[in-house]
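Here the structure of chain A is known, so what remains is to put chain B in place on it, guided by the hints.
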Amino acid sequence: METLNHKEVINLLLQLASMLIMARVFSEIARKLKQPAVVGEILAGIILGPTILGMLMPDFYASLFSSHSMTNIALDGFVQIAVVLLLFIAGIEVELQVVWSQGKNALKIALASMILPIIAGFVVAYAFPEFLGVNINDRIVASTFFGLAISITALAVVARVLMDLNLFKTKTGLLIIAGAMVVDVVGWIVFSVILSLSESGKEGLGVWPTIGLTLFFTVFMLTGGKGLINRVLPWTNKNLAWPGGLLSLSLAICFLAASFTEFIGIHAIFGAFIIGVALGDSEHLTEKAKEILHQFINNIFAPIFFVSIGLKVNFIEAFDLGVVGVVVIVGLLTKYFGAYLGARFAGLKRNKSMVVGFGLSTRGSMDIILGLIALEYGMVSESLFIGLVILALLSSILSGPLMGWAENLKLSPSSK
Amino acid sequence: MYQKIGLALAFSPRMEALIAEAKRLVDLFDGELILIHVGVKTPELESRLSEIFDKHCSSLRRVKILWKEGKPAKQILETCAEEKVDLLILGALKKEGLLTYYLGSVARKIIRKANCSLLTLIEPRLETTAFSQVVINGTQLEITPKVIQRGIDFSKKVESKNVHILNEIKMYGLVMGTASEDSEDEVSGTRRKLVQDEIDYVEENLKGLDLGDLKINIKVTGGRWATELARYCEKINADLLVMGDDRKLNFFDRLFPHDLEDLLGNLPCNLLMIKS
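Quick mapping for you: the protein sequence lines, in order, are chains A and B. Going by our numbering, the residue at position 116 of the first sequence is 116; the numbering climbs one at a time, nothing skipped. Going by our numbering, the residue at position 205 of the second sequence is 205; the numbering climbs one at a time, nothing skipped.
None of these hints come from the bench; they were simulated from the model. Hints may be right or wrong, so weigh each one.
[Claimed, not checked] Pair ranges (Cβ atoms, derived):
1) B:Ile-199 <-> A:Ser-67: 28 to 36 Å
2) A:Gln-80 <-> B:Gln-149: 41 to 49 Å
3) A:Thr-170 <-> B:Leu-211: 45 to 53 Å
4) A:Val-219 <-> B:Gly-208: 43 to 51 Å
5) A:Leu-409 <-> B:Gly-208: 53 to 61 Å
6) A:Arg-231 <-> B:Lys-113: 26 to 34 Å
7) A:Gly-103 <-> B:Met-1: 27 to 35 Å
8) A:Gly-245 <-> B:Lys-161: 45 to 53 Å
9) B:Ile-199 <-> A:Asn-230: 25 to 33 Å
10) A:Leu-56 <-> B:Asp-197: 22 to 30 Å
Just so you know, these numbers come straight off a predicted model, no measurement behind them. C-beta: ideal position from N, C-alpha, C; glycine also.
If we strip away everything but chain A, and leave its shape as in the complex, we get (with noise of 0.2 Å):
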């Protein structure tokens, strides 16, 4: 087995150190100013990135980030198992139960908040692809890819905001979290099958039986794995030491349906997903341990990967203002739009409709994931990335202020 030299292993660990330290940082100013820590860790990852600290001290960015080649693969490990985890909290973070208890009013907000700017960013890139920077030979996926990557909402951003605006618990807020994992669900489903589609994902097994082999994954996870799970947790639970019986066994089950997805030819992170999902729901998962898990991951892996972000991409260099005004507002409008139909569709208010409407409107995290593999298979260009990232941080920023103006405005009667 090869291993990393002396001065590579001493340069990755300055990689993660400098990586968690900025991250804390900007993090720790992100929570002053009553804004998500995401939004933090972005900004940390631009300043340490070739954006201002190439800029700034080339020489020493350098020979931070780019002087060993093997350290930066051994880093991208590390990225990749950050963002596999990610996505299996974020599936750990649905609750069937809730989605169940809400009913058809979250479905029908969830989809019409998904249609619309799937809709809208598909002809928004399918029409003109070259200024956008979509790829214009894999036009149609690449689109749709854009649309989907619009469409998502960060339910643990949102239940954030939700929390700090003490709605968590109200009618309207169950509502939007409801929506939010409705959101996630059918948008991780949606890429999967899109990415099986794209000229550059098909090094599986073919585009039907990947698509068949992923929705008999995904029915399978939360029928007969759920049960699967349901009898083996209490063994775990009781047998085996806690929490670390269970942090290790669970995380070793999301890396083994995670390598399946990848080996059927769709990203490592549907299969942690989708197996974070049944794991979430099984009644033999404690809150206590979905804490742990939260804190283990959100604290250590989620800072590498949204810092990451801003080492691969020079948001100077490749930022574009037309690009990035059109994603801005064509993601902003068609969700906010989409989201505040489909309350008014499901019988709630005025009012309640917009709080839905910029609740949903939330991102942070999943669709900075979406964009990122989009760029990393070729399919948007990275002016358009930037445009999504920038997207993300205005919502996360927006959606907090914009949710209380929203539910305590006074309407008249007649447009109520």
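What follows is chain B alone, placed relative to chain A:
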């Protein structure tokens, strides 16, 4: 509270005990007893029922015995609606060789579709059951204020000793996970607030209710409410669990069982289901 009490009879070995239990409740609520059997009326069954009836129910003034033919669940539901039954009593099934109880498919169908409240008895007794330890589901649902009120009223009537109201912090893992961005003091504050909010919710619903001599214990848990309720009932050896459900269930509820379905599949104790 319950003026018309129905009892679904199946001529099982536990029929006599079920009739005794029903009679006691009819006496307590000063109501009318409606016995419903779905099946062919034969002289043999009639004389068997009459024998048990004379033994336990001869003192009752208002009684109806209804023999129906057809699909059991449908007939029972229709009879309950026609007779305006307030409370229907059902017997649970016992798992072969195990000390666990569940509801059969007919009873589940009735529970899902009935408009009246339902009392499921896991181990009916001739000397009747003492509902001394009662657990009420206090988790925040639309029907919960009514469940708490009816649960308290029922507990007073059956002279329970302790009433435990269990409330659950919704999505505790997600909430505390997102709170981990805060300082240690803020995290502790969030945790305390989550617990206090749930206690406040139950106390708010208890306001204005006559609690009589009942000892009320409010308990807050994190996790799925049905699982937590079942665990708590087992832990304190509860005699009765009071909960409510006002949703019509569909195919997806069977594919992805929700909390109520989980409970019906493994009853921890007797169950009083309040309907809206």
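| Unsatisfied constraints (hint numbers, rising) | 1, 2, 3, 5, 8 and 10
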